[in-house]
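Undergrad: Protein chains in written order, with the numbering used here: chain R, -18 to 97; chain D, 21 to 129.
Note that these hints are calculated values from the structure, not bench results.
Any given hint could turn out to be false.
Covered stretches of chain D, as calculated for chain R (at least 3 residues, CB under 8 Å) [unchecked claim]:
no., segment
1, 104 to 117
2, 120 to 129
Lysine to aspartate or glutamate pairs mimicking EDC-like chemistry, simulated, CA-CA at most 16 Å apart [unchecked claim]:
no., chain 1, residue 1, chain 2, residue 2
3, D, 116, R, 40
4, R, 38, D, 114
5, D, 116, R, 32
6, R, 34, R, 50
7, D, 116, R, 11
8, R, 51, R, -2
9, R, 51, R, 32
10, R, 36, D, 114
11, R, 52, R, 9
12, R, -16, D, 61
13, R, -16, R, -2
14, D, 116, R, 37
15, R, -16, R, 9
Built from N, CA and C at the ideal position, the CB exists for glycine as well.
Residues per chain, in single letters:
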Amino acid sequence: DVKVTQSSRYLVKRTGEKVFLECVQDMDHENMFWYRQDPGLGLRLIYFSYDVKMKEKGDIPEGYSVSREKKERFSLILESASTNQTSMYLCASSHQASFSGANVLTFGAGSRLTVL
Amino acid sequence: GQNIDQPTEMTATEGAIVQINCTYQTSGFNGLFWYQQHAGEAPTFLSYNVLDGLEEKGRFSSFLSRSKGYSYLLLKELQMKDSASYLCAVRGNDYKLSFGAGTTVTVRA
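So here's chain R without its partners, still in its complex pose (with noise of 0.2 Å):
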């Protein structure tokens, strides 16, 4: 029953290596994004997408980029991991908003980064 998948769980990467978190969803949703989770921040958002090869900036981008070549696949890239990089990402996907209702997100399980 698993709807979105972050292929990697635990990573441990050198400062300076290019990192990809991969992330697919099998609802068929519009909308992906890419969030950070650190103790006392919560969720910032990295960057989202709303269509196949759209991107959008989030709170936080900078030393991110994205890729959405396919509608259920979004991925992270890190092209020169830091240490302050060293984090819990998270995937999320949901329908296209309504203001009718409630656009809820379906997360991943996380993908917890260890930058050395």
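Since the structure of chain R is already known, use the hints to place chain D on it.
TA: Relative to chain R, chain D alone:
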């Protein structure tokens, strides 16, 4: 931008009631959400409020006052499995959800 505040931690006894408050200051408002997140797991949706008032769903209720920028999540008849973090999130005009830092609730026997 959005500013969302909620208490960091709360502790309560099994069978009791706990109320988690959330205040927000936003540039636009199109709904407030509560999510539950158990340690090491994904957040899961609990409730949604877009109009003022109380929404009840079993042991959980959520209240919203838009004029006061205030919501609370009420957990009744607490069970050990309710020990988790509870995340308050506000949707602005741009469809994005902004989250508070979360409230960790510990239920003791």
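Undergrad: Hint by hint, where does the structure go against what was stated? Just the numbers, ascending.
TA: 8, 13
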